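J.: Sequence:
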Amino acid sequence: MTPGRVATQNGPSPDLPVNEHGRYYHINCGPGDIAPYVFTCGDPARARRLAQRWDRVQVRRRYREFLTLTGEYRGIPVSVMATGIGPDNTAIAVVEAAQCAPALTFIRLGSCGALQPHIRVGDLVITQAAIRDEQTSHYYAPDTGPAPAHPEVLHALIKAAEDLHAPCHAGLTCTTSDFYAGQGRRVPGFPTSEPGKVERLQRAGVLNLEMEMSVYLALAQASSYRLRAGGICVVFTNRVTGDKAFGLKRRRQEAERRLLAVGLRALEILSARDAAA
1 MTPGRVATQN
11 GPSPDLPVNE
21 HGRYYHINCG
31 PGDIAPYVFT
41 CGDPARARRL
51 AQRWDRVQVR
61 RRYREFLTLT
71 GEYRGIPVSV
81 MATGIGPDNT
91 AIAVVEAAQC
101 APALTFIRLG
111 SCGALQPHIR
121 VGDLVITQAA
131 IRDEQTSHYY
141 APDTGPAPAH
151 PEVLHALIKA
161 AEDLHAPCHA
171 GLTCTTSDFY
181 AGQGRRVPGF
191 PTSEPGKVER
201 LQRAGVLNLE
211 MEMSVYLALA
221 QASSYRLRAG
231 GICVVFTNRV
241 TGDKAFGLKR
251 RRQEAERRLL
261 AVGLRALEIL
271 SARDAAA
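Numbering (our numbering), first residue to last: 1 to 277.
Check each hint, because a few of them may be wrong.
Simulated DEER-style distance windows between Cβ atoms [unchecked claim]: (1) G205 <-> P167: 15 to 21 Å; (2) S224 <-> P117: 41 to 47 Å; (3) P117 <-> L164: 23 to 29 Å; (4) G22 <-> L164: 39 to 45 Å; (5) R203 <-> K249: 32 to 38 Å; (6) R200 <-> R250: 30 to 36 Å; (7) G247 <-> P117: 19 to 25 Å.
None of these hints come from the bench; they were simulated from the model.
In this text, all values refer to a predicted model and were calculated from it rather than measured experimentally.
Ideal Cβ placement from N, Cα and C applies to all residues, glycine included.
Given the sequences, and given the hints that come with them, work out the whole structure.
T.: Structure follows, in structure tokens:
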């Protein structure tokens, strides 16, 4: 079989569409295009900045909002996928990537809003489990409570943050389907059905809000493939204190560099543990 092409006996299945190049339709990838370790993010620019730290990039695939780069970092085969914003895009990326290589480790490198006053802008938040306050993951798995991160990915991220002395917090994340009303924001011209959401989640001890994590965790846990998932987010705003970095480019860049460094260190830790197993 040609690398990057899907083997089909009776033509492509309507349940799993393939494009004219023989690759899965939305991510434009096929077998051989995706490495066993997959970083994910929403922003394609972040994906490119991560890949700039690698030894080499050998595969580049792009379609719509999806960007996939595959190469090597210190001899470790690795990919990064930019998926755009939201849980629906995330599920498409997970499902199609798993068809390309059914033994994958997903590590989300995201951004988030903090919900506890002691968490500062620029800090990192590692998800131990994610509240599934989105509909997408419920199509794949029943709601049995927060979706847990895979313990091996979780421990690697915590160890990586410790190794690099990065300011980091580990705990419960809430994943939503919407950035504005879905996260309790009050914006001109639009109502919200949950005006007290931030306060309620803060009282419950939730550390952060974002829009993708629970889908990675729930789908990896539900899949019959050998999938692991976990993630870490950089704090760009604190919804309680009002501190924010949205309009401060240098502050965001510094925080993102810390995020990427911790992610790559976690990759090294996971790869070494997997090789020794």
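J.: So, for every hint listed, does it hold in this structure?
T.: Here is how each hint holds up against the structure:
1. For the hinted restraint 15 to 21 Å between G205 and P167, the CB-CB distance of approximately 19 Å keeps it satisfied.
2. Separated by about 42 Å at the C-beta atoms, S224 and P117 satisfy the suggested range of 41 to 47 Å.
3. Between P117 and L164 the beta carbon distance is about 24 Å. The supplied range of 23 to 29 Å therefore holds.
4. With their beta carbons about 41 Å apart, G22 and L164 fall inside the hinted range of 39 to 45 Å.
5. A hinted range of 32 to 38 Å holds for the C-beta pair R203 and K249, which are about 33 Å apart.
6. Between R200 and R250 the beta carbon distance is about 34 Å. The supplied range of 30 to 36 Å therefore holds.
7. For G247 and P117, the Cβ-Cβ distance of about 21 Å falls inside the hinted range of 19 to 25 Å, so the restraint holds.
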